[in-house]
Every structure is written in structure tokens, then in C-alpha cells.
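Undergrad: Work from the hints to combine the two standalone chains into their complex.
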Amino acid sequence: MSTAEKIWPKGWPPEIRETPSRFKRAIGKYWVRRSSLCNDCGICVDLCPYGVHRKIGTKMLLPRDYRCIGFVCQETDHYCINKCPEKALTLIRNPMCDAMGDKRWTADLLISTWYQAETGEVPPGDLEYKVGDSGGGFDKLRFKFELEGERPKEIPDKKEISTSILLNRRNDKRPKVAISVPFYGGGMSFGSVSLTTMLARAKAAMAWNTFTCTGEGGYPEALVPYADYIITQVATGLFGVREETIQRARVVEFKYAQGAKPGLGGHLLGDKVTQAVAKMREAVAGSALFSPFPFHSVYSVEDHKKHVDWIKEVNPHALVAVKVSTPTDVDMVAVGSYYAGAHIIHLDGSYGGTGAAPNIAKKNIAMPIEYAIPKVHRFLIDEGIRDEMVIMASGGIRTAYDIAKAIALGADGAVIGTSELVALECIRCGNCESGRGCPRGIATTDPELTKLMELNWGAQRIINLFNAWHSQLVDILRRLGIQSIKDLVGRTDCLVHLDYM
Amino acid sequence: MPKKYHIDTRPTPPRFTPIGKSGVMDWRTGCLRCKRCAKTTCVYGVYNLRTFNSRQLADSIDYYCKNCFRCVQSCPVGLITKTINPEYLEMGDTYWTPDIISSTWYQAETGKIPVSGAGYGGPFVGDGFDDMWTDMSEIVRPTRDGIHGREYINTSIDLGRKLPYLSFNAEGKLISEPPSLVEIPLPIIFGELPMGNLNETIYLAIAQAAYRLGTFLVVTPEEFLRPYAQNIIPLLSQEVLNRNLEWVHEAKIIALPHSETIKQSIERIKTARSEAPVLVKLPLTPKAKELVTQLTMEGVDIVHVYADTHGRELESTSPRFIKEMVMEIHLHLVEKHMRDQVTLVASGGIAMAEHVAKIIICGADGVVIDLPLLVALECRLCKDCLQGESCPVEIQDIEPDWGAQRIINLMSAWHGQLLEVLGAMGLREIRRLRGEMGRAMFYQDLEREIFGAIFGEKRGDN
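Protein chains in written order, with the working numbering: chain A, 1 to 501; chain B, 1 to 462.
Looking at chain B on its own, in the form it has when it is part of the complex (with noise of 0.2 angstroms):
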């Protein structure tokens, strides 16, 4: 058995109040002055705790309050309302939800996975992501208890490339070489943040967060993160490999932006150094299926496609989802006998533990995030730093080691929800999981064999 994952959280407070979903309201006039008032009833505290932040002119309640509506209820005049906080509404975008925000701030404060009671309160069914379900076992099929730590699971997934099969000659002796792998224990890179007053602080909490969870961090390399070498996968320009390669020797693996010389740039790594493998950082545009099969004919290892902060197609006039093109692609390479000579790892969209699960099911190897880091670092995803106003919460400010702390936390959160999936489905490798579209439900497909059976054609169809 492989030695066991185990990733060391601590509990990290947030230095912002963060904005609460909650928006409690309490009139002075009318108050009856009782004795036992319904504030001090209230199960959390929460009246107690509450503070005003007079630089930010937040009052904590809307964070500690958990709506439960006992103290509106409670109250003989009936002077507590509440309402949605205004600015919880307002924060992120059709996408990144509020919701979704909110729980990337709670896992990074605790680094627990988010549990709650009364069943699922969301719609049915929803764009993206939110029309598949994953599978379970019962009776028929065992499933696997990673969660407790009674099974071990194991989420650790290969980078680099595997050969098709393997050569022996007349003596039996192996004769083929099979290129080097990377193991990293997570299926999750770090990618480059698209937004935020960025500056080294941020990326010295990722690139120390990389290290310490045993994977890396794929960005445009500077001297200040030389210390975690280890764990940058440098994305190197074909000007910066004519200039040097200083980082093409120190790199574990290296990277390189799609481009017309694509070929030239792999040959002058491999020249330098072989065994190292190389990752393409190609956009899934209209032509990604074909370029992602021509590159891995031409023997790249790793190919990173990225769609856009909502997962959808680049350069397209009718976008499509990431997943659906991850499905395409992976179909496609399965079909012509190349999958496994290459691993395909995924971002754009990527916002919830379940999206991992999900991406990996539709067929990558692993995912590529950033916005999550930046939401673990509080980012409320304002989007006022793309306007060159400044951060609300200061993240420029952040020390790197508070920062790692609430990444690593995040990632143990995500980890334990990838073992939940896992375990249900009964899988006790990760690696398992990729292209596993038959342990998938799709609406699409339970809408049609159930209620077309049903109901015939369905409105909009044909």
C-alpha cells in the first residue's frame, strides 16, 4: 500500500469579516423591554459575538447569523426581520455564485468538508456542471469507506506519458524505455490567477501551498520563486528559451504555450534535457480535438487545455462547455488508440470539488485551478482590480503563510469531498475515475429513456 495522503489543516481565520448570506434587521422603536429578550436565546451567540467594523462599515451579524429565524420568531412585536444580504447577492457572477464563494471561504477557514442538514435545497437540474449525477454501490457492488480511513483511496494521479505497450528483445530483456512520470498525490495543479492585485506574496502562498500538499504550480517563472523549484512547472516563452534555461534544468516539468513553433520549442528541451516531461497549455478553441491528437502523434506528454473562468469554448461563436469538449476529446483520442500515451489535464470552470470529479469522469486526467485560489485568499471576486481600483481585502497584504495555510485547507476539503465521490462509486484510485461516463448519470439521457418513454418527445427536442 502506498504511503498513506494525509493533508495537515489548520483552522484559519479570514482578516476580513466575510460577507454573510444573511441580512438581519432590528427596530428599536416598539421594543417591549422584556425580560428575556429573543437576542439572548439565540442558540449561536450570535447577538454576542456581533461587532461593527467601522472602516468597512460591515456588521458581523450577516456572517454569524445561520438563519434559522428563532429570534424573529421570538420576539412578541415581531421587531426582527430578516432579508438576503444585498452584498451577498452582488458578489461574483452567474457562474461563480455566491454560494460557491462562501463555501470556498468556509473549507479554507476550516478545511472541512461542507456538510448540512434537510436534504438539497437547489434546482433540479442546471447548466455546466449541474446536469450529471455520479453513481453509487449497493448490495451488488462494494463500495469503499475512504472517508472514515478504514479503506485507503488513492487520489494521486500520473504526469508525463505512458507507452502504448512494451518491447522485448529475442532475449526477453526490455528494450523499450518508458519515459518518466510525475506522481503528484492530488489530481489538482495550480494555475495562473487571471485577475487580482497580484503581486509575489500571492504566488509565494501558492507556490509554498504546491509544495507542501506535493504538487506544483504552473506559472510564468521569476526569481522569487526559486526556493520551491521543485514545485513550479515554468511556463516558458520561445523567447525565454532562447534566452536561457535555467529553469528547464531545475524544472521537474516544464511547460510551453501552444504556438505555431510548438515543435521547435519541445526539441530544444528535450535536447537540453530528456527525461523531463513537457506540458502544452493549449485553448480549447473549435480546433482543440485536433490539435490535442496532433500533439500527442507528436509525442507531448502533458496537454493542459483551458476554456475560459466559466468553462466555455475560446474563439467560438456558440461556446460549448468544457466538459462536453473534454468528453469529445478524450472519445476521441480512446478511438484512436492514444489515450493513455498522454495525459490531458483540464481548467477554466473549475470551482467546486465536484467539478474535479465530474471533468475527470468526462474524461481528463486531472484539473488546473485558479480562481479557488484566489477565493481561499478571500477574494470576494468584486473584479474592481480589473479596473485598477483597489482590493477590498487588501490581498496584496496577505502573509504567504496564512495564504498557504487556507489553500492547503481548501485542497483537504476538496480532497476528503473527491474521496466521498469516490467512495460511493466504489473506486479506490482516482485514476479509475478518468473517462468512467458509464457511472454517470446525464440528464439528457435519464430525461429521455424515462419520460420520452413516458411523455414522447420532449419540447424543444428533434
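Just chain A, with the same shape it has in the complex (with noise of 0.2 angstroms):
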């Protein structure tokens, strides 16, 4: 076998598949407006490599301006607006970006996601995709081929190069998973998102080699044929867990904590309690559920040891993850999972979540990834424990930029979550819980909001937002003359922080 067989067992790479948004009007970032002056020359279809002009018969159609790179392009010389004889064309920056997105996830970085999810490419032209505008962390943290300038390394061997993770660093005799990608789907629970956003986000994670997560809302038996892909979730409220839920999966999670509400319950409200939602939750239709925190049998790393120890014997095959958010001790709870027998310390860090939680909450408690990762890298070093454990780090990972960085601060890979519903066109209103749930069909299970989004569209645009990122991380490791994503652990000689230069 070669190396690219061994990485892609399925076939490499996924196919790509152009896939445009559901909804009649795409928005981009900027406005292409054409006056009552054009006379369909169709100059402009010839001109505009992006495809903003398109004609049919005689007729110009309406110009699918968010394809269009904006002003950047009057340094080429396929400009329409200039190009126009008829000066017909206009050219404006889309003013709505000013009403959408936030200081995390930007209106660029909403379109930039988008426009991967729909070619599977890096966004040309002005549109920034690698960082939002938070003014710290990962916002503020930069490679320094990015501050160089374009110096792509050579790689000496000229060997592929590889974004394989293994998921299994114990010599315990367990299978050593691999996925394929340095990242994998973190949870969402049938309830809290639609069976179509669960499998959407199941077959991208079975296209590229990787995982994605049950949540803690129980197993859909439709997931049952993407079983080798799908992590379970073992939370407080236990719902839908069964024994043989957990012999069926390859890696099983904890749930002690999550970081959009860290040290709190979740609480999925009555009006999202469907009869489906009730029957794999085994609970009562229309009445509010509450998953308690915490545990109610764990105070200590002895009684966690017991938990994980339960799920080995369950499953003998399976890794066990612990999901933990980030307080003050994180380095210690991490090492705690460590002596329970954890394969993966997943640290969920305060700013990321999908799932609806309180604002004081998710803005207050606990401390951002970013100061997470290289707490608790370095603290399992001087332990003597790095080398065993699996860092998956989460909570406010948006780009591929986000995944790379956080390994150079000590991770092993990412856990994605808000992304990939913003593949789907997420445009984070917030309002997940609010009446029916997403007006866009994503986060929620009535059964007429859920018709929004068709399955294979939904998959394909998670599988190109993946090819997107994938090939932005081969780049960004061949730039630094690295050969495989495992070298990039804890390499912060690689990047740069903006306030310390």
C-alpha cells in the first residue's frame, strides 16, 4: 500500500462537487448592480472568470455578485465595470455586511466559509478567511511565513505531505485509529440539530476519514451505517445511552463539561421535544429536558477512572475521550484523565458552542482555548505524559488557520462544531432555541423548517468546506518544510503574536 492509500482508505481525495446555497439570493460582500443602460452585449460574460455574468439566450441575468471579488479586480484587466461599454455596471461593497456576522466570526469570514463550502476552494480576491476581529488569541496569532511574505518551503523528500492524526498514543493494545484530517466533528444531539444536519455532518466525516459526534441526544439508527465514523457521547442526562451503542462505536466521549456553558446543565426546552426527539431520548414528548451537571457519580479523578474503566468493558475495542471545558486547574484535570485511562483529553474552551447556552455563560466562564492548549501541553510534558495522551482542543475554531495554530500551541487536532453549520449557512443569528428553533433548518426538529435543507447538498458542502481547509494546511506545512501535521505539536517557534513583536 502506499502512503496516500494508508491515509485515504476511502478513495482520495472526496469529490468535489460545486454547491451553491439553497436560498435564491446568495450574499457575498459585495454588490454588482446593473442599470437600465446595458444593452446585453455580453461583454461582460466573456470578461469575468469568477461567472458574476451569466446570459441566457439574449437576456443578461441577474449578476450573481457574490462570486465577485471586488475591487481588487481593477488591478486586472478582466474588470467589467470599467470593461463595460455601456457603463452600466456598478460596483459597491454589500452593506448588509455591517448587519451580519460578529467580532468572532466576521462577515467575511461567515462569506469566506461559505464560498469554501461551495467550491471546496480558498476564497480569491479580498475576502479574509484565515482570522476574525476578536483582538486576541488566535485573532492575534500569526505564522511568520504570513508576516515574511510568500516563501513557500521545499519539501526535501518531495513525500506527500500528511494531516493524519492518530487518535490512540497508549501502548494498551487498543485499536490505533487514524483519521485522516486533524480534526473531527464535535457533539450535537439529535434535538438540538436535525437528523439531516447529523448525517450531512456524518457522511463529510466518513468522505474524509474522521469522526463526527452523536452529542448526547442518543444514537439515530440512521447513523447506524456510518457507525466506523461516529463518535458517542456519554453525557449526565445518559440519554439514549445503551450497551449497544457503545459497542458500536470506535471512539466513545465523556461529556463532563462543554464550553459554550461550562459547570452548567443543558436544558433542551419542551417545544423541542419532538415525538422522535422523546422516543430516542426515551423521555416524555413536549416536557423540557434537563441534562444535569455534573455528573452526579464523579468527585474525583477515582470515580472518573471507574466511569472510563465501565466503557472499556463494555467495549473492549473502543478509545475513550473525556470532553472537559477550561478552568483554572484544566492541566490537572487533564492529567486526572490521563491516570483514568483517557486516550483523548478533549478541552473545550469558553468562547465556541453551538448549542444555545446563556450569554453570561459563554462569555464569562472559564478561560479561551488558546490559553488552554499550551497550559496543558506543557504540563503533560513535565509530567512525563504527552506522548500518551491525544489533545483535541475546541471552542472557537473557525478557519483552518484556527486548527494549525492550535496544534503549534500544543494540540493534536481540533474539534470543529460552528463551522460546519455554517457550511450548511448558519448565519449565527443565535436564535437556536428560540420558537420553532433555526430558520434555516439546521438546528432544529420541526418537521417543516427541517425540509429546508436536502441531505447530499448539506454533505457536499461539508465535504468541500473540508477540501478547502485540507489543502490550506498541506500549504501551510509545506511553507514551514514540515512533512506531517504530528511534527507541527507545540511548534510555537512557527508563529508570531501580534502584541509581543
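Keep in mind that the hints were calculated from the coordinates and are not lab data.
Hints may be right or wrong, so weigh each one.
Simulated pairs of lysine-lysine, DSS-like, Cα-Cα distance not exceeding 30 angstroms [as the list claims (entries may be wrong)]:
no., chain 1, residue 1, chain 2, residue 2
1, A, 305, A, 103
2, B, 162, A, 103
3, A, 59, B, 39
4, B, 39, A, 103
5, B, 270, B, 336
6, B, 458, A, 140
7, B, 21, B, 4
8, B, 336, B, 173
9, A, 451, B, 66
10, A, 103, B, 263
11, A, 451, B, 39
12, A, 103, B, 173
13, B, 287, A, 24
14, A, 144, A, 486
15, A, 24, A, 451
16, A, 486, A, 451
17, B, 21, A, 24
18, A, 363, B, 383
19, B, 263, A, 363
20, B, 336, A, 363
21, B, 35, B, 4
22, A, 87, A, 55
23, B, 112, A, 363
24, A, 24, B, 66
25, A, 363, B, 162
26, B, 252, A, 103
27, A, 24, B, 35
28, A, 363, B, 66
29, A, 451, B, 162
30, A, 140, A, 103
31, A, 144, B, 66
32, A, 140, B, 287
33, A, 103, B, 4
34, B, 173, B, 270
35, B, 4, B, 162
36, B, 35, A, 59
37, B, 3, B, 21
38, B, 39, A, 55
39, A, 55, B, 35
TA: Shown next, in the form of C-alpha cells:
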């Protein structure tokens, strides 16, 4: 078997198909307006390499301006605004960008993620696709090569660059599960998101040989065909946890806490507990479900070990991941998880999360992931156990660059969530919990709203996004002269922080 | 177990359409007259609820719209666009931001904790209270599930003086006389409003809320507040004290503004009524630390330190923030072994529930709030009243019952949020939160310990 075949058992690369917005009007950074002066000459159609202008028969269609690269196009010889003989075209920045996004997910990041999900490629033009505008953490970190300009290094022996990571670094005879990209999907439960969303994530995980996670709402039957790519979660509510769901999983995740609501329980509103959700969770439809905090059977590392042993007993082949949030002593928690026998410590920082949570918790409780990663990484090194543990980081990881930075800070890989939802055209309006749920049919189980999204469309969008990310990760490694993403772990020397220069 | 504290909330809609964040614009020219218009598919029915108020020239769509962009994206010819409502951005100021005002309105209307999906969208770090995070517990420390009612988390604090130690005589009989303490079920007291077209009705609403919540209103007393005397902390000037002692006999706690002659004023009160705790209201100036220490030594029961409405130090050329000042005062009292002898409450810039938790972590026992009460009554912080102009929400015309309920709703939402913070930290008593700086994480510390170790010296640090 060649290296490529080993990394990509399901074929390489996954097929990329253009998958445009499911809405009539996609949102882009620029508006191109065509006035009545247009005489349908079609010069712009031939000119634009981005497919902004299209013609059917003799008639020009409305410009597909979300594809426009904007004012940087002036530098080229295909700038339609100047080349239009009738001066019928105008270009402006889309004023709606001001009403979209926030400091962490800027309008640019939303639009660039949509672009990657549509095309599978890195966005052209001046769309920012690497960082947000939060003023700290990842948004202030840069790879040195980003500041030094374009100087890709040659990989000495021309071998393929590997983005694969191992999820079991303990010598415990359990399977050496590897994933082909250094990230997997975080837990989103059935109930908080639709079955279509779950399946789309699962199909994309399969295509890229990685994982997605069921969350704590049970294991829907429809996911069973993708079982090899699904992590099942055991959380405090134990909703839908059965022996067979544990036995089916290659990785079982204990969720002790989650970054969006560290130290708080979960709460699924009664409206979202439909018949199907209730059945899955073995509960009563229409009544709110509380997932308590914490595990009332775990108040020490010894208790924690008992939990891990229980999973290992039920499934002798499973790896155990432990998902924790980021308190002051997150390093101690990580060491505790090592001694309890976990394979993966999953640190979920405070700024991320997809599900509804109290605003006070999202903003104020627990530390951002950018601090937690180096803290845990260094502590595990000092304890002499870093080589046996896998650190997965999440909570505000939005882009391929965030993933690479998290790894350079000391994680083995990243867990993602919001980005996948943005690929499905989430606009981060944050109304997941209100009314019938997500107006875009992603985070809802409302039968009518769920129909807004088609499975294959969703799966392809995520596959495309992962493709764009993969190529960026490969590019980053190439620029650093590193052949495997495994060798990027803890390489803080590749990074600079803009406040420390 | 103490009797469970419960706050009765009731949906209390605003009298005026609140200013919403969203700006939706729709144009008519070019409309295709589709059979199924993007507007009819609005998940929230915004286009059906929409009204136009001709008196205020305000369209309610800006308030109802939830910014999901579905109509924008579904209209085949793109006739609907969105912006941020410029009127929204103009609300408040740099400290009392539009988002704080709007969130306060939501809490005053519903009594609910603000909840949203999709993670936190704000800046990584900010000024004032925004450069610290609170701790949580997992695996090795238990948390407390307070919010869903499974465990009781107590948010009561004591107002008054505590003895540093108890003395017993040779027979083992207690000879110390513990001073009287007044317990309030929330670490929050209401204070005088710094602006607004204020009248009796507004203070009656606040006093009623204080009464129904079991807390107090610190205010210059007036006759109309007499029915709520048990929940008023009368702020008595030297001049009033000299005139009559009626309020001194009636109130549970008596407040005095700090002055040169504070000692005499205190003596006068203690002579008239020895058991009532005395609160001294003291500006947070560069001298505050020394003055608090001095007052504590002189036997003052409660010190209320106040900064300006943005939480800034007073009478200073380079004002510090209230949180740093309270931290300094607290640590100084700890060092002098007299922290427990005095109750420290703080005001100025307390705008959100999280600020209550954070100032307590920094060493206060509780807070006094003012502007949030006004915002609960629909105030937009336009400050027109300070120019003598009329109030756009006619705040002078509220019904006291309506106003009281809005304030009660807000306090219920804040109470719930305090439970979230305490529960995550594993605390069952807000008294134990006081000064727990080790259970908080400060931006500067994390930067130094973690990024400093990697990247060296921070720019601007010396």
C-alpha cells in the first residue's frame, strides 16, 4: 500500500462538486448592480472568470455578485466595471455586511466559509478567511511566514504531506485509530440539530476519514451505516445511552463539561422535544429535558476512572475521549484523565459552542482555548505523559488557520462545530432556541423547517469546506517545511503574537 | 435549609416599541408579485406582527426581526436588505452599550436569563469588567446545580458589622454583644437615580420592588415613601439629622453621606438608636482606601463606595476602574485583619448580572445599582432629561405596579445568572464568593503566564 492509500482508505481525494446556496439570493461581500443602460452585449460574461455575469439566450441574468472579488479586480484586465462600453455596471461593498456576523465570526469569515463550502477552494480576492476580529487569541496569532511574505519551502524528499493524526497514543493494545485530517466534528445532539444535519456531518466525516459525534441525545438508527465514523457521547443525562450504542463506537466520549456553558447543565426546551426526539431519549414528548451538571457519580479522579473502566469493559475495542471545559486547573483535570485511562483529552474553550446557552456563561465562565492548550500541553510534558495522550482542542476554532495555530500551540488536533453549521448556511443569528428553532432548518426538529435542507447538499457543502481546509493545512506545512502535521504539535516557534512583537 | 428564595416574575411588556437592533428595508419597485412571498415564510411572523407607530415614527419590524436573513435570501429579486438600525447604535454610550440596554429590556419584560446559540461573538477581551473570567468545576470538584432547582444556592448577604471574635467570662458565658445584622436575599440594593424625569411614581415603583424582593432602597427620604419605610435606607444629611430623627427611629438601616463631621453624625444616630446599622456613602477617590479603613476602625457598619456611572474613580486625573479599587480596599482590610468587621457595597458601572458576580469576586459584599433600574423602566439613556427635554418614553407617567414588576423581573433574571456563575464554581453561598480572586482568571495574568512564556515580553509592558 502506498502512503496515500493508507491515509485515505476510502479513496482520495473525496469528490468536490460545486454546491451553491440553497437560497435564491446568496450573500457576498460585494454588490454588482446593472442599470437600464445595459444593452445585453455580453462582454462582461466573457470577461469575468468568476462567473458573476451570465446570459440566457439574449438576456442578461441578475449578476451573481456574491462571487465577485471586489475592488481588487481593478488591478486585472477583466474588471467589468471599467470594461463595460455602456457604463451600466456599478460595484459597491455589500452594505448588509455591517448587519452580519460579529467580532469572532466577521461577515468576511461567514462569506468566505460559504465560499469554501460552495467550491471546495480557498476564496480569491480580499475575503478574509483566516482570522476574525476579536482582538486576542487566534486573531492575534500569525504564522511567521504570513508576515514574511510568500516563500514556500521545499519538502526535501518530495513525499506527500500528511495531515493524518493518531487518536490512540497509549500502548494499551486498543486499536491505533487514525484520522486523515487533524480535526473531527464535535457533539451535536439529535434534538438540538436535525437528523439531516447529523447525517450530512456523518457523510462528510466518512468522506474525509474522520469522525463526527452524536452529542448526548442518543444514537439515531439512520446513523448506524456510518458507525465507523461516529463518536458516541456519554453525558450526564445519559439520554439514549445503551450497551449497543457503546459497543458500536470506535471512540466513546465522556462529556463532563462543554465550553459554551462550562459548569452548567443542558436544557432542551419542551418545544424541541418532539415525538421522535422523545423516543430517542426515552422521555416524554413536549416536556423539557434537563441534562444535569455534573455527573453526580463523579467527584474524584477515582470516580472518573470507574466511568472509563465501565466503557472499556462494555467495549474492549473503543477508545475513550474525555471532554472537559477550561477551569483554572484544566491541567490537573487533563492529568487526572490520563490516570483514569483516557486516550483523548478534549479541551473545550469558553468562547465556542453551537447550542443555546446563557449569555453570561458563554462570555464569562472558563478560559479561552488559546490559553488552555499551551497550559495543558506543557503540564503533560512536565509530567512525562504527553506522548501517551492526544489533546484535541475546540471552542472557537473557525478556520484552517485556527486549527494549525491550535496544533502549533500544543494540541494534536481540533474539534469543530460552528464552521460545519456555517457551511450549511448558518448565519449565526443565535436564535437556535427560540420558537420552532432554526429559521434555516439546521438546528431544529420542526418537520417543516427541517425540509429546508437536503441531505446530499449538506454533506457536499461540508466535504467541500474540508477540502479547502485540507489544502490550506497542506500549504501551511509546506511553507513551514514540515512533512507531517504531527510534527507541528507544540511548534510555537513558528508563531508570532502581534502584541508581543 | 433556609426558606427557598423565590422571585415572582410576570411578563410585563413595554409601553413603547423598544428600539431594535435590526434594520429591515424593503423596496417595492421590481417586485415580481410572487405567489409565495419571502415575507410570508418568516419563521417569526415578523411581517404579520409589524406595525407602524405614527406618533413615534417607528416601525416595529426593527424590534421583532431576529436577524436570520431568510427573507433577504429568499426574495428572488433581492428587494429586501438589512442594516443595523442607526437609532439602536446611538443608544447609551461606550460603557452602557446598546446591547446592554437592549438585554436589560428583555430581562425586565420577561424575567428570563438571556440565552442564545452559536457561541460567544464578542471581543476576546475588553476594558472594565471584561478582562476576567470566572472559574468552573469539573471531575475533581463538585458543581452545584442551582438553576434547575436541584440544589439550593443561597444569594443572601448580611448588612452590618461582625465581631472579630467572641468573648466569654470565667463561667463560660458569652459577654460580647453581637451587633445586629440585616440579611437581604440578594446581594443587590437599589440606589438613587443619577438622571431621569424623576418623580414620586418612579421612586414608588422602585420602593415597591425593594419591598417585594426583600431588599432596600438607599434614598434621601421623602414623605411619600413612608409606606415602604421598612425597605428604605434613608440617606440623612447633617442638616436633616439636626432637624428630626423620625426616619432614624423607623428605618432598619440608616445612611449618611461621608463628610468631615461624620463621627458626630454617627454618634447622634447611635445615641438615638444603638442597634440600627449605619451605612456611610463614600466616593471612590484616591483617598478611598484610607478612608474605608478609618471608618471601619471607627465602627461604621456598612461602607457604600461609589464611582461614576462608568465605574471610574472620582477626583482623579488618571481614574482607575471600580473593580481594581474595590480589590485594593478589600485586600487592605484583609491585611489589617478587619475585613469581616465591615460590610462593603459598591456602586457605579454595575450594568449587568456578571458585574455583580465580578465585583463580589474582587472583594465587595454586594452592590448598589441605579441606572439598570431606570433602563428596566424603558429608559433609553438618551440623557435628554439632563438637557431639560421631555422623555421619549414618558417615564414620568408609568404605573408603579408596572414599574415594580419590570424591576422584579430584571432582578429575577440577574438572580438566575448569579446562580449560573455560582453553580459552575461549585459554591452554595454567595457570601463565599467574596474576594475569591483565586477562582477567577485575569487577562493580564493569563497573558503573562501563558503567552509571555512563549512570546516573551508584551509590547507596552515594562
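Undergrad: Within 30 angstroms, alpha carbon to alpha carbon, are residue 24 of chain A and residue 35 of chain B?
TA: 15 angstroms, holds
Undergrad: Would the hint linking residue 451 of chain A and residue 66 of chain B be met if the CA-CA limit is 30 angstroms?
TA: 21 angstroms, holds
Undergrad: Would you check the hint for residue 87 of chain A and residue 55 of chain A, treating anything up to 30 angstroms between C-alpha atoms as holding?
TA: 18 angstroms, holds
Undergrad: Is residue 363 of chain A close enough to residue 162 of chain B, meaning Cα to Cα at most 30 angstroms?
TA: Violated, at about 35 angstroms.
Undergrad: Between residue 287 of chain B and residue 24 of chain A, is the straight-line Cα distance small enough, at 30 angstroms or below?
TA: 64 angstroms, violated
Undergrad: Are the Cα positions of residue 24 of chain A and residue 66 of chain B separated by 30 angstroms at most?
TA: It holds: about 20 angstroms lies between the C-alpha atoms, which stays within 30 angstroms.
Undergrad: Would the hint linking residue 55 of chain A and residue 35 of chain B be met if the CA-CA limit is 30 angstroms?
TA: 26 angstroms, holds
Undergrad: Check whether the Cα positions of residue 4 of chain B and residue 162 of chain B lie no farther apart than 30 angstroms.
TA: 25 angstroms, holds
Undergrad: Take the C-alpha atoms of residue 140 of chain A and residue 103 of chain A, compute the straight-line distance between them, and say whether it is at most 30 angstroms.
TA: Within the cut-off at roughly 13 angstroms; holds.
Undergrad: Given the hint that residue 103 of chain A pairs with residue 263 of chain B, does the C-alpha gap stay at or below 30 angstroms?
TA: Violated, at roughly 52 angstroms.
Undergrad: Is residue 140 of chain A within 30 angstroms of residue 287 of chain B, Cα to Cα?
TA: Measuring from Cα to Cα gives roughly 38 angstroms; hence the hint is violated.
Undergrad: Check the hint pairing residue 363 of chain A with residue 383 of chain B against an upper bound of 30 angstroms on the C-alpha distance.
TA: 29 angstroms, holds
Comparing the model with each numbered hint stated earlier shows that hints 1, 2, 7, 10, 12, 13, 16, 19, 20, 21, 25, 26, 29, 31, 32, 33, 37 do not hold.
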